[in-house]
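Protein chains in written order, with numbering that gives the first Met the number 0: chain A, 0 to 137; chain B, 0 to 137; chain C, 0 to 137; chain D, 0 to 137.
Hint data in this document are derived by calculation from the structure and do not stem from the laboratory.
These figures come from a predicted structure and were not determined experimentally.
Treat the hints with care, since some could be wrong.
Listed below are several chain A residues computed to face chain B (Cβ distance under 7 Å; list not exhaustive) [said to hold, decoys possible]:
1. Ala134
2. Ala135
3. Gln136
So, partial list: chain C residues that the calculated Cβ filter (under 8 Å) puts toward chain A [as the list claims (entries may be wrong)]:
4. Thr15
5. Asp16
6. Ala17
7. Gly19
8. Ser24
9. Phe69
10. Phe73
11. Thr76
12. Phe131
For every residue, glycine included, the Cβ atom is placed at its ideal position computed from N, Cα and C.
There are 4 protein chains.
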Amino acid sequence: MLSEYVLRRRVQFYETDAAGIVHFSWFFRYMEEAEHALWRAAGLSIHPPDSPIGFARASATCDFKRPLRFEDEFDVTIRIAAISRKTIQYSCVMMKDDVTLATGSMTVICVRTEQDGSLKATNVPEEIAARFAVAAQV
Amino acid sequence: MLSEYVLRRRVQFYETDAAGIVHFSWFFRYMEEAEHALWRAAGLSIHPPDSPIGFARASATCDFKRPLRFEDEFDVTIRIAAISRKTIQYSCVMMKDDVTLATGSMTVICVRTEQDGSLKATNVPEEIAARFAVAAQV
Amino acid sequence: MLSEYVLRRRVQFYETDAAGIVHFSWFFRYMEEAEHALWRAAGLSIHPPDSPIGFARASATCDFKRPLRFEDEFDVTIRIAAISRKTIQYSCVMMKDDVTLATGSMTVICVRTEQDGSLKATNVPEEIAARFAVAAQV
Amino acid sequence: MLSEYVLRRRVQFYETDAAGIVHFSWFFRYMEEAEHALWRAAGLSIHPPDSPIGFARASATCDFKRPLRFEDEFDVTIRIAAISRKTIQYSCVMMKDDVTLATGSMTVICVRTEQDGSLKATNVPEEIAARFAVAAQV
Chain A
0 MLSEYVLRRR
10 VQFYETDAAG
20 IVHFSWFFRY
30 MEEAEHALWR
40 AAGLSIHPPD
50 SPIGFARASA
60 TCDFKRPLRF
70 EDEFDVTIRI
80 AAISRKTIQY
90 SCVMMKDDVT
100 LATGSMTVIC
110 VRTEQDGSLK
120 ATNVPEEIAA
130 RFAVAAQV
Chain B
0 MLSEYVLRRR
10 VQFYETDAAG
20 IVHFSWFFRY
30 MEEAEHALWR
40 AAGLSIHPPD
50 SPIGFARASA
60 TCDFKRPLRF
70 EDEFDVTIRI
80 AAISRKTIQY
90 SCVMMKDDVT
100 LATGSMTVIC
110 VRTEQDGSLK
120 ATNVPEEIAA
130 RFAVAAQV
Chain C
0 MLSEYVLRRR
10 VQFYETDAAG
20 IVHFSWFFRY
30 MEEAEHALWR
40 AAGLSIHPPD
50 SPIGFARASA
60 TCDFKRPLRF
70 EDEFDVTIRI
80 AAISRKTIQY
90 SCVMMKDDVT
100 LATGSMTVIC
110 VRTEQDGSLK
120 ATNVPEEIAA
130 RFAVAAQV
Chain D
0 MLSEYVLRRR
10 VQFYETDAAG
20 IVHFSWFFRY
30 MEEAEHALWR
40 AAGLSIHPPD
50 SPIGFARASA
60 TCDFKRPLRF
70 EDEFDVTIRI
80 AAISRKTIQY
90 SCVMMKDDVT
100 LATGSMTVIC
110 VRTEQDGSLK
120 ATNVPEEIAA
130 RFAVAAQV
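Bound conformation, chain A alone (with noise of 0.2 Å):
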């Protein structure tokens, strides 16, 4: 069971803006990129092909403390924070060295598409569940 996961990362110059650092939505996406990677290290796909279901962000926030630049190297660490039957809650930082860039959250349900096209909450499948745990440190 794995409950966190760290993905090194560096800058790439299309995820600077015209202030000359990353600009802020790239944050969320370093986020979802290390929660896919804990996904992979626990020997699942967050979307396979053909799955009935899927995980739906149902919140995400980001405190940013420092810029990132072009060509920076830094830690995304994605951390489980809770698990309740339909969601996962996870909580994040990034840093460069020994300093903190950004923290932040996600908070994904587990959907299935209803013929309609609306997403529907549903349970998190146990094989899933089973392969994470909420860390100790959050």
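Since chain A is already given, all that's left is putting chains B, C and D on it; use the hints.
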């Protein structure tokens, strides 16, 4: 003095993901688009050429309620929720017709880039603060 | 029958990069935006829900002549350059006032997704081909 | 002297679109990622802080042969196809195992930003040109 702006927007194909819906990172970009349109409506640019100051994101949050799909039209309403000496806080609601898609918030800090490249908080210039007022309904 | 469309567009902040100009990858997205707007003007969607066919890119090119900056307004003119049984070829020019920013081209193939997930070229449906004509000037 | 680089890459979820495959605009970003990795392997940064010069895109092309899907791993091989006094030309091939996904090219021009904000072609500095050689196979 302006306190809100409504941006009409259409979903572009590159904003969708393999789940068939708009990727959640785009909602933060929609918020920022509406913020910049609010500034333009107030006769300002948030990032004029050669400006010594900028408005860095300090935090951003979003709660996702309904998905958006390719070519959907929707409205992004951004409101000034608070103004302090160095920060502006926005609240945001995204709607398709009368259905709420998402609600969010952003806090931005007025910053000056120091010699060493770090960003230092500074006062929002009076000529900018004078253009905005906190919205009655936030 | 339509053969061209002019899309008026404004540069968003997240489209710029640390060189202070629009990242080149966005010009391809601008082209596609104009393509989809052309289809809508012709009464069509290029990606309707549950459609058995799609229009995959076969090639794309762009020559960049002048940079675009934050909040610049510009026009994207897309034209039908050729139509064959299975493909549509577009030419594109992007201009700011009377200055040419970039010229480009895209060829798209009508495809059907096979059982094994591969994409197979198929005929452009007659009701789609009937809406478009090759532009006089390409 | 370096003349090629192979970047191993994995498809991220936000790179896919509602057709279930990687959006074509990403292939241009993959090329650029490989270019910048080639520069780093040569001991250079293509965009160091406060550099008076930059490398603007003059043209980019891509031919798309096979789609990429979420979590696919693939290789981006970029090669120096030609170097002139002011330009560098790259050729690129993207492969998944031994299947060619796409081939592309990019020409970049060494530019200096003028007082009025326009970009003017200038010579590639000798210390940069000295690090690269045209690839045997292009």
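So, going through the hints one by one against the coordinates:
1. Ala134: Hint on Ala134 (chain A): violated, closest Cβ of chain B at ~22 Å, above 7 Å.
2. Ala135: Check failed: Cβ of Ala135 (chain A) comes no nearer than 26 Å to chain B, outside 7 Å.
3. Gln136: violated, 22 Å
4. Thr15: This hint holds: Thr15 (chain C) lies near chain A, its Cβ roughly 4 Å from the closest one there, short of 8 Å.
5. Asp16: OK, holds: Asp16 (chain C) within 8 Å of chain A, min 5 Å.
6. Ala17: holds, 4 Å
7. Gly19: With a closest approach of 5 Å, the Gly19 (chain C) hint holds.
8. Ser24: Since chain A brings a Cβ to about 6 Å from Ser24 (chain C), closer than 8 Å, the hint holds.
9. Phe69: At 5 Å from the nearest chain A Cβ, Phe69 (chain C) passes the 8 Å test, so the hint holds.
10. Phe73: violated, 16 Å
11. Thr76: violated, 25 Å
12. Phe131: violated, 29 Å
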